[in-house]
Amino acid sequence: QVSVLYFARSAELAGLRCETLSVPRQITALQLWEEIVKVHPRLAVIRDQVVFAVRQEYVLLGDQLLVLQAGDEVAVIPPISGG
Amino acid sequence: MDESEDVPKNFIKLKCEKLSVDEVSELVISPYCGAVSLFIGTTRNNFEGKRVINLEYEAYTSMAETEIKKICRDVRQKWPSVKHIAVHHRLGVVPITEASVIIAVSSPHRAESLEAVMYCINTLKATVPIWKKEIYEDEYSWKENKECFWANSEK
Numbered sequence: 001q002v003s004v005l006y007f008a009r010s011a012e013l014a015g016l017r018c019e020t021l022s023v024p025r026q027i028t029a030l031q032l033w034e035e036i037v038k039v040h041p042r043l044a045v046i047r048d049q050v051v052f053a054v055r056q057e058y059v060l061l062g063d064q065l066l067v068l069q070a071g072d073e074v075a076v077i078p079p080i081s082g083g
Numbered sequence: 001m002d003e004s005e006d007v008p009k010n011f012i013k014l015k016c017e018k019l020s021v022d023e024v025s026e027l028v029i030s031p032y033c034g035a036v037s038l039f040i041g042t043t044r045n046n047f048e049g050k051r052v053i054n055l056e057y058e059a060y061t062s063m064a065e066t067e068i069k070k071i072c073r074d075v076r077q078k079w080p081s082v083k084h085i086a087v088h089h090r091l092g093v094v095p096i097t098e099a100s101v102i103i104a105v106s107s108p109h110r111a112e113s114l115e116a117v118m119y120c121i122n123t124l125k126a127t128v129p130i131w132k133k134e135i136y137e138d139e140y141s142w143k144e145n146k147e148c149f150w151a152n153s154e155k
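Residue numbers (full-length UniProt numbering), protein chains in the order written: chain A, 1 to 83; chain B, 1 to 155.
Among these hints, one or two may not hold up.
[Claimed, not checked] Okay, derived cross-link-like pairs now, DSBU-like style, lysine-lysine, Cα gap no bigger than 35 Å in a straight line:
id, chain 1, residue 1, chain 2, residue 2
1, B, K143, B, K50
2, B, K18, B, K143
3, B, K125, B, K18
4, B, K125, A, K38
5, B, K125, B, K70
6, B, K143, B, K69
7, A, K38, B, K146
8, A, K38, B, K133
9, A, K38, B, K143
Keep in mind the hints are simulated off the structure, nothing from the lab.
All chains should be modelled from the sequences, with the hints used to inform the complete structure.
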């Protein structure tokens with residue numbers, strides 16, 4: 001079980017900022033995205049613009065294998081606009 | 001001489017209150033430094049002909065602070081003579097013309113602090129998880145920095 005955090009546009013589309021999700025311990029970034037979209041189909045429209053932050057490290061939506069532990073934080077990160 | 005004045009420090013703050021140029025400058029002033037360079041990011045009132053009523057910032061706060069610490073670490077590697085670095089970013093509603101970000105860097109001579117400040121703001125815009133929402137008269141828009149390293153800007 002991981003904590004999924006949503007920000008900015010992704011929070012608007014998902015309708016919430018934080019939830020727990022049950023996912024396999026080993027999963028690719030892309031597969032994780034698919035799991036999230038199953039729960040929040042409206043997120044599909046931003047697929048090409050987002051990245052993840054897993055344990056506060058950026059991960060592109062690709063084949064990279066994530067090794068997740070219970071309680072890990074995964075954030076959905078739309079294009080940033082700080083500064 | 002007070003030994004603790006020699007220790008370079010990073011001052012990182014994300015806050016909802018109005019930012020103060022005086023406060024941020026004073027954080028980095030050092031008797032060992034002849035230069036303090038400053039960048040202030042202010043909010044504009046228009047975008048593509050639309051009038052901006054308000055701006056709202058939100059952040060993945062814990063990760064934003066971590067990323068800003070990484071920027072400070074990079075600055076010290078590239079410009080070892082840099083003494084203190086301060087990065088203050090405002091969150092929540094920021095009225096037009098008020099500062100959204102203030103960056104200050106001190107160094108013995110001016111070249112390093114000037115270059116380091118530019119590096120800080122450029123890298124912040126590319127890597128720190130903070131988002132700005134521009135609110136217009138009848139709609140709003142989540143902005144996207146062109147520096148964002150994963151967004152494709154072929155729009």
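Q) Which numbered hints turn out to be false for this structure? A) none
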